[in-house]
Every structure is written in structure tokens, then in C-alpha cells.
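*Asks:* Protein chains in written order, with numbering that gives the first Met the number 0: chain A, 0 to 422; chain B, 0 to 422.
No lab work stands behind these hints: they were computed from the structure. Some hints here could point you the wrong way.
If several chains are the same, the list does not tell them apart, and a pair holds so long as it fits within one copy or across any two.
[Stated by the list, open to error] In silico PhoX-like cross-links for lysine-lysine, where the CA-CA straight-line distance does not exceed 20 Å: (1) K340 - K401; (2) K259 - K387; (3) K364 - K387; (4) K349 - K365; (5) K320 - K387; (6) K365 - K259; (7) K270 - K364; (8) K365 - K270; (9) K364 - K259.
Protein chains: 2
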Amino acid sequence: MKNVNTKPVSGTQELLPEQQMIFDNFKQIITNRYAINGYLNVETPILERTDILLAKAGGETEKQIYKVVKTFEADADASEALRFDHTVPLARYVVENESNLVFPFKVAQVGENFRGERAQKGRFREFYQCDIDVIGRETLPLEYDADVISTLLDAFSSFGLREQVVARISNRKILEGLLEVLDLQGKAADIYSIIDHSEKVPAEKTEAALSEIGLSDDEKAKILTFMGISGRADEVENSLRKLGIENNSTFCEGVFELTKVMNLLSQIDMKIVADMRIVRGLDYYTGTVFEFCLSDFKEVGSVCGGGRYENLAGNFAGTRKFPGVGGSIGLNRLFYILREKNLLNLELGKPIDIAVLPVTEAEVKKALEVAAEFRAEGSKVSVVYGDKKLGDKMKYAAKIAKCSIVVGEKEAASGKFEVKEFK
Amino acid sequence: MKNVNTKPVSGTQELLPEQQMIFDNFKQIITNRYAINGYLNVETPILERTDILLAKAGGETEKQIYKVVKTFEADADASEALRFDHTVPLARYVVENESNLVFPFKVAQVGENFRGERAQKGRFREFYQCDIDVIGRETLPLEYDADVISTLLDAFSSFGLREQVVARISNRKILEGLLEVLDLQGKAADIYSIIDHSEKVPAEKTEAALSEIGLSDDEKAKILTFMGISGRADEVENSLRKLGIENNSTFCEGVFELTKVMNLLSQIDMKIVADMRIVRGLDYYTGTVFEFCLSDFKEVGSVCGGGRYENLAGNFAGTRKFPGVGGSIGLNRLFYILREKNLLNLELGKPIDIAVLPVTEAEVKKALEVAAEFRAEGSKVSVVYGDKKLGDKMKYAAKIAKCSIVVGEKEAASGKFEVKEFK
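Construct the complete structure from the given sequences, taking the supplied hints into account.
*Replies:* Take a look at the structure:
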């Protein structure tokens, strides 16, 4: 069976040990920053009830769900599937464990999700999402929106990307209010998606799209002016007032929330700009929406995003309400971009700190003692076994380790060992 | 949809945050010990080619494989499935990346595997396996068998279970040789499985089983004597010699390998006993086989096991040979047992170190500065927001955090803050 295809499944990530070290390091940093910022780690199963997944999933996502079936069973109902995000299982988790959780519940989830997308560059079908959410019961103070965003920015700072990150924010209520005033709620879905895509297409295409859905020139003008608004909190507040619709309460609420969250963030020197083009695809966001991308690589899209939702578990929490705010870092996508753009320090060096080389079998015991000493200090140590010549063992050591320690008759007897660094 | 079932899928693990902390801690310890002992972490995708999985899988496992299908597609061929162990994907990985890897390749894999078993107490369908393997090219020194076992024992020591662990070892070649001498190779498979199950059933059942497959009383006696052999390296060597079949080379090789591995381990004070009943189910082991269980809970079976195999990638490496030795810790099973037997210190305490409580919105900025200071020192800090009374905020803080810091007008002005520990 020499000719079996040994490539990994397309749309998945598989790395060499040196690259894996860097990826693991990113994951570790994120996990740590989430914890430091007071988010409790939780892990829901990858196997999830199909009915739970479908309870919320809409259109696109629904078609992307992987169901699982035992290989040699015809399984018509497929009652189990792979989770496609962390939010739906979290909703189930919160409802199931409500009485044992403390609200507001600050929760972190770092794990793999699965979507049956057509695989393409930088698009994954199996991918790590690193989520944080704050879930309230009935109410949740607006400050937690800033808490989520600052925690995510903190993570990006911790892996040295703070400068590359462009963080942008908006609030869904602002556009909602505008559409109320223009009496365009009926076309909200279309308008949302047109705005959502506007950065990926030339301006005239966006204008055309707005005409296509039957907007008058005046309505179009208003929407386009709105879309053009971005900048610091005060700037944006002024520009928005100029739209002259302060009599709409939804609009005003949105402006108030946006400026409050931005001011909280500026108080702790977290740079974020308002941009009315930020709406986020998912329809369940109801207030704050935000998105991070990397300054030089906007074209590859966002590496982090999230927002506020009025009810996490609306689909199966009955009458109880769990307002929440959350965000997610797409780790594989981020890693892929950094690698593509050579922003990764792939010179992390050799994976092993010290290779210990017993010259003959007689020195193995001593070599193991030496290894134990250095391991006790936290060094990564490999003992190189076998009856190969010392030269060959040394060649091997040089490939995997930063330093070497030879344990021959003399060293074993004297108990003196020389740590040699590889050039 | 109030009446949706919000329980997790059966056969999966879902923990409350406090328990998750302990589980994560176990995983972290294992990952660290593997690294310290010189094993390089690698992560293969959970999605794997069905043909790769089926290339090696035999009988039982094959029926347990989950294939994945897009929810709304009839997918007859199901070219993708979920990995059921780390060994098969590793084989693919090694063949695919051979030219970029350094052999012997000491590799660690910590991740979830999936098997469609009927779920039962302590039996998981989605479970963490924490594997290490050493893969050689053409040859692999016997010392690496000891290297794998000592690394696994090191992990158990690191989470304070060294005393509970009973580590037992054998070598497949010994039984193989015995069967050659008795001319029973034809019944090898049956005999292996009878021996493998012998500890779970009363002695007479084992005897009966041996008769059923048509063994003569003399043959039975020899097998039973063999099965009774266990103890220290020297003891076992003597008992085995008493079987009087030193003229069989396979047998002698097995005895030599067993004693050599045991002596290497004793040199570094790693207690392990030989026990001829250890054969391990999987048919691809060809030499060393070992198993750990917890002394007081033998009935729940092994929590760790592994062995030597002559060729990792026999199924698709063509003519190249990759001899290996590896072992795996079944983390969910281990965690489940420890929890059942109250061996877990569930008093790990509150997940958050410090809760910072701004009295009013005016003190939020100051509270965030205080939080930042403690986070800089690595403390897990949560700021408690909202316009609730301080008393209510304090109740919340007491539930999640070890200490509290109140930031009121006075504190904000003076810059003096009191850290109060919760009783």
C-alpha cells in the first residue's frame, strides 16, 4: 500500500514539531491571558446533540454541520454532530448547570470547532476558536463589553502583535435606529449583509447593491453617509448627531452604549476606533459589535470578533433570559496569516535543551542521573541511546538539542560533566 | 423549546469550572512532563482519512469508527472520519514528513479521540489520550522502551499518584516462544485474549476457556504455570528458566529484553514488576508490553499502557520500516476514577485570586488600574461591575474569589487599597 495518500485532510492544520511549538505557545498565551483576566475555563464535548446545534443554527451554518455516524451503520437520524462553534454548546451548558454557576459567569473556551466549508487558503474546516463570554442572568452591565474587548486586546499584546492590530467597534442599535427612522426595517437583513461585505467590494458595487434592493437615492445617500462614519468616540458621536435623528430612542441608546464602551477602553489605553461598517454577520448580536484585523493584511479579514447578544439560550432556556457579551480569536487563521507574512519568529530554536550522550552502555545509568538533575531544574532533556559511534550520536544531538553532555568512562568516574553548546 | 434535553451527549465529559481547573491541571502536568523528558508535541487533525484509519484498524475498532457527513448531504463514501487513536494518524504523519523529522523521533500527542462504544460508567466515546512514542528508522535501541515507561511513571509521580500506581511489564516474545515450543501458534490469538481477560474472571473460567480451544491438560498446565509467573526481574528470570525451554530463541530474546528493560528502570528507582498475564489486546505489539493500574482499584482496569511494535507504518510506508515503542495515559478514565474514589483534592479553592469592587462608576477607572497591577504579577483578577449595592457585589465576589479589594471614593483618592481575604 505504498501509494496511500498520507496528506492530512484538506482544511485541517498539521505542523512540524518546531512550528507546533510556536502554535502551542500562542494557545498557551491566550489561555493564560483569559485566566488572568478572570475568565474560567470550560470545555464542552466536541460531540453535540444535533437538535441542540440546529436549535440556533441558521442558513449557512446549518449546511456546514458535520453529523457523525458509526462507519458501518446506516444512521438516518444522526442524533449527534460536531459542534461548529462554542456559543451553542455554552448555551446548553449554562442552562444545564445554571444552579451551580455564579452570574455574571465569565467563561473561556479554547478548542476545536468543525465546519464543512469548501476548504480554501486560510479557510479551515477544523479550527481552534478561543472564546470568552460573560453571561448574565436577566441583566448584564455594559462594562463587561469593555471587559471582553480589553481581554482580547490583552491577548494580542501578549504575543507581541498589539501594533499590528486594528480594533474597530460599532453598536447594532445605531443602524437599527436609523432603519427605523427611514422605515427600512423590512430590508434590514439585506442592508446588514451589504454593509458587512462593503469592505471586500468596490464602492460602486455597494451602491448598486443598495439600489437593487429598492432604496431611493435619498435613502441610499443616508446609508452611505452612515457607512462613512468612523473615528474616535467624540468624532463619531458628532458625525452621528449630524444625521439628525436624535428623536429615535434605539439610535440614541446605541450611540450612548458605543461611546461609553469606547471611553471605558480609552481609560485603560486600549486603542479602538468606531466604524459604522462593522455589523458582524451573525444575526444574534443586538448591541456592541467589534472586530480585530491585522493592519497590513486587512484583505484576509478579521482574526477576532464578537459582540453583545440579548439572550444566549433563547432557544431552550424557556422564559429565563441570559444576556451576554463575547468574543473569539480564530487561532488557526491568525497563525496561518502570521506564517504567510513571515511575522512568526520561526527561529524559536531547537526543541530540546540538553542531549545527554552515554558513550557506552556502561555509562547509561550515570547519563540518566545527569538527565534527572537537569530535568529537576525544568530543562527539556533527551538521553541518546544506542551503540552507534559517539560522532553519530553527536550529529543526532546537534539536530534536536541546544546543548550536549557527553558521559564517558572518565566523566562517569569523576562526576564532572561538560555542557557544550551547539553553534 | 423549554423541554430540550440540555445534558451533554452520553459518553462525553463535561465539568463545572472548579473541576475543569483540576482536569486542565492534570493535562498540563502530563504535557510538561512529556516535554521535560524530551518528547516533541505534535497535533494531528481529529478529521482523518477513512482509508488511513481502516488501513490498520481491525475488528472491534473498525466498528467503532465515527465517520463524518455533512448534515444535509447523503454521503455514501464518507471519505473522512474521526481518529480513534493517536497511533494511526502518527503513522501517516511520520511517512508524510519523514524527510523533515529526526529519528529516533520522540513525539508526544495529547488530544481527544473518538470511539462509538456503548457508553457505560467510566467508558468514554470522546476521551483524551496522552501518548508518547519513540519512532526509529529501521532500528530502535531497547533503551527507549525504558525511556517511555519512565516518562509515563514520571507523569504519575508529578500528580502525586506514584504510590497508587502498580506498573507491570512483560514481553510478547516470551509467550510467543512458549507457544512455538508447544506448537500452539495456531491458537495464539485465542490464548492471548484468554490471558488478557484472565484477571477479570475467576480462575476456573480461564481453565475452562483453555480447554474449550482444545488444549491438552499438559499444555493447559504449562500455560497456567506461565501465567502465574510474576515478580522482580531476577525472580521472573529464574521462574521462566524453570519452564525449561531455553533452546527457543524467541523465548530467550523475550527474557533478555524484559530483564534488560527492568534493570534500566530499577537503575533510576522506577518500580515495575514483571507479570506474564500482561499481553495487551492490540495485536501489533511485538516485544515489551506494559500496563499501569491504581493499586486500590484494579477492577476498573488500566489507566495507562503501551508497548513495542516492529513497524509503525507497515500499512502505507511501503518497504521502509519504522520500529517504535509508545504508551498512553487515558486521562478521562483516570480522572473519573480519582473523582469516584475521592482521590481528587476538589478543595482547590476559588478560581479567581482577587475581585476588585468599584463602589460607583466613578471608581471604575481606578479599579481597572488596580486590577492591571495585580494581573501584571500574574494574579487572576476580576473587576465586579454594575450599580448593585456594595453588599451584593461582595456576595458575588465571595463566591468566585479568594480576596477582595474595595475601591471607593476614599481609596481612589488616597491610592491606598485593602486586600481582604474571604474566610
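*Asks:* Hint by hint, note whether the structure agrees.
*Replies:* Now for the hints, and whether the structure bears them out:
{"no.": "1", "hint": "K340 - K401", "verdict": "neither (27 Å within a copy, 44 Å between copies)"}
{"no.": "2", "hint": "K259 - K387", "verdict": "between (69 Å within a copy, 19 Å between copies)"}
{"no.": "3", "hint": "K364 - K387", "verdict": "within (17 Å within a copy, 65 Å between copies)"}
{"no.": "4", "hint": "K349 - K365", "verdict": "neither (24 Å within a copy, 44 Å between copies)"}
{"no.": "5", "hint": "K320 - K387", "verdict": "between (68 Å within a copy, 19 Å between copies)"}
{"no.": "6", "hint": "K365 - K259", "verdict": "between (65 Å within a copy, 16 Å between copies)"}
{"no.": "7", "hint": "K270 - K364", "verdict": "between (57 Å within a copy, 15 Å between copies)"}
{"no.": "8", "hint": "K365 - K270", "verdict": "between (56 Å within a copy, 18 Å between copies)"}
{"no.": "9", "hint": "K364 - K259", "verdict": "between (66 Å within a copy, 12 Å between copies)"}
Checked against the numbered hints listed earlier, the structure breaks hints 1, 4; every other hint is satisfied.
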